[in-house]
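Asks: Below, each chain spelled out in residue letters.
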Amino acid sequence: MAADLLWIFISAMVINNFTLYYFLGLCPFFGVSDRISTALRMGLANIFVLLITAFCAWFLNTYVLSHAPYLRLISFIIVIASTVQFVEMAIKKMSPVLFKALGIFLPLITTNCAILGLALFATNKGYGLLEGLVYALGAGGGLTLALVIMAGIREESKLLEIPKVIEGTALNLIIAGILSMAFMGFAGLFSTS
Amino acid sequence: MKNFEEAARYHEEFIKGLWKENPVFVAVLGMCPALAVTNTAINGLAMGGATLFVLTFSSLLVSSFRRYIPKEVRITTFVIIIATFVTIVDFLLQAFLPAIHKELGAFVALIVVNCLILGRQEAFSFKNPIRLAMVDALGMALGFTFALFCLGAIREILGNGSLFGVSLFGPSFEPWIVMILPPGGFLSLGFLLLFFNWLKQRQEQKQSLVYLADAVAEVAEKKDSIISLKRGV
Chain A
0 MAADLLWIFI SAMVINNFTL YYFLGLCPFF GVSDRISTAL RMGLANIFVL LITAFCAWFL
60 NTYVLSHAPY LRLISFIIVI ASTVQFVEMA IKKMSPVLFK ALGIFLPLIT TNCAILGLAL
120 FATNKGYGLL EGLVYALGAG GGLTLALVIM AGIREESKLL EIPKVIEGTA LNLIIAGILS
180 MAFMGFAGLF STS
Chain B
0 MKNFEEAARY HEEFIKGLWK ENPVFVAVLG MCPALAVTNT AINGLAMGGA TLFVLTFSSL
60 LVSSFRRYIP KEVRITTFVI IIATFVTIVD FLLQAFLPAI HKELGAFVAL IVVNCLILGR
120 QEAFSFKNPI RLAMVDALGM ALGFTFALFC LGAIREILGN GSLFGVSLFG PSFEPWIVMI
180 LPPGGFLSLG FLLLFFNWLK QRQEQKQSLV YLADAVAEVA EKKDSIISLK RGV
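The listed protein sequences correspond, in order, to chains A and B. According to numbering that gives the first Met the number 0, the first sequence is numbered sequentially starting from 0. According to numbering that gives the first Met the number 0, the second sequence is numbered sequentially starting from 0.
Wrong hints could be hidden among the right ones.
As the list claims (entries may be wrong) - Straight-line distance between alpha carbons at most 25 Å, and here's what the computed SDA-like set of lysine to any residue pairs gives:
no. : chain 1 : residue 1 : chain 2 : residue 2
1   : A       : 163       : B       : 196
2   : B       : 15        : B       : 125
3   : B       : 126       : B       : 175
4   : A       : 163       : B       : 194
These are computed hints drawn from the structure, not numbers from a lab.
Pulled out of the complex, with its shape left as it was, chain B reads as follows:
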């Protein structure tokens, strides 16, 4: 029974980052990289992967040393740990994927100031055991990657007529150049959030309709029972 509960806890911590507390779509964290490098799907994925690496290893380190890090200097310590892993990922990308490193430019280094990463250390890794912290970090980072991929795919499909460099619509498609330029980043995230708001509002309306129907049914039932009581009298 205890094992089952524990598994459920891990599952919950993992799954929350993917959708319910998605860092980009719900919490609107880490917007700088989310908007700056998502002009193609592959760039979005690469940025997500780099963030995944940094977040997971930082969480591992912060969580393992959480008893030894003095509370007063914890933020500085987090920042140094994060900066170390960002430097590593920067050099790794430069060595193995130079083309992508060139595309992302200074934004790889700017992962250091991604508030999502610092936020997870402060809110979760510093207070939780290693395995739980890793699960949380993985979930959040995958959610972030998913959001970046969505944005990148939307912008690439509309702005370039292609996905992963493969042309989708043929030569007659007129690309919406603005989508791969900076305004496209703001607009596509804005309209995505608008879409999610709309879905949520619809769901709430449906929910309230269900409540209303329940309430009506309850009143009707009471009326019936009162009538039958009266008849009995």
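The shape of chain A in the complex, shown without the other chains:
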């Protein structure tokens, strides 16, 4: 059991990294990756929302959607968005420090494809509650890892003289491509022989 959970975690984090393998959550990946500190906070906020999402998805799948599977998409979107909104209000009341660190990102993240992607993948794989939470933790860790690495590279690249043609999105995409290639090296990590 523990080995299974570890496998789910590692696989979601590095082997099938959400950003670099599934192309999910690219907007924050390119949008807020210009400073490491911001990237780290964004990553943490992501992990937080992903955990809530995994719980919501499990709850909906077990108690509601078995009777009406065609409502899956709509209910996922609505329930996740509103739960995050509630949690955001609760955090604002209970822990202003945490709210300040994650605050502005929370509502943005809700419409991030990584969130819906996680809910759908976890459903397709038939994960239970614990597996779903571990999967969310791994996926969030992977997103954070990719974000922080990207931010680190971009912080460095600000000091370089970059030709004007390649500046901006083109450069970021090519960096992401190289990173993605590096992450492909993890593919054989746990090959079952």
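On the provided structure of chain A, position chain B as indicated by the hints.
Replies: Only chain B this time, still in chain A's reference frame:
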């Protein structure tokens, strides 16, 4: 005259999505599907078609109900409308094109969070009459499909040596496997954008050369006229 102006407006709204404001190449929106499913040209086209369906019908509905949707909950309403059409297209694909549905997997469902679709509702359909909204949606969706097809074709040709499954180069071609894997998505879009930047920069340089030549000609003309004036004196 009014008809002509109106036609010009429709034409402009339609054509802008195809090239000038192309959602993928210029605005860089909807990147998740643009990169995730474009490992072959046919997948790119299928994804484009599904997006076309969702975007057009969502725009139709949002634009027709724009007077009745309260401003405060408009985003939620858009999302519900979009999710409904995505569910429809998901089931349609599953029923009629099961092979393609299997290839695209969860990414059909992920059309819901494609920022291009939500963006068009917010920026255009909510503020414009039905026909104009439809034209805009069609143009944007066709531009998106075109971009996805380009990416898919490039990746399939380089990564597999084929287009639409038809082998192009014969058996001696060594495929660039990396192009059909995830890094290929980032790299091909990156290099395409680089190419467009280069074209744009060249155009700007040419433009500035033309300005410079004009300015030189103008100065020369003034000099001539001053000389002739002096002679006259």
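Asks: State for each hint whether it applies.
Replies: Hints and how they fare:
1. A/163 to B/196: Within the cut-off at roughly 9 Å; holds.
2. B/15 to B/125: At roughly 18 Å apart (the allowed maximum being 25 Å), residue 125 of chain B and residue 15 of chain B satisfy the hint.
3. B/126 to B/175: Violated, at roughly 46 Å.
4. A/163 to B/194: holds, 12 Å
When each numbered hint is compared with the structure, a violation occurs for hint 3 only.
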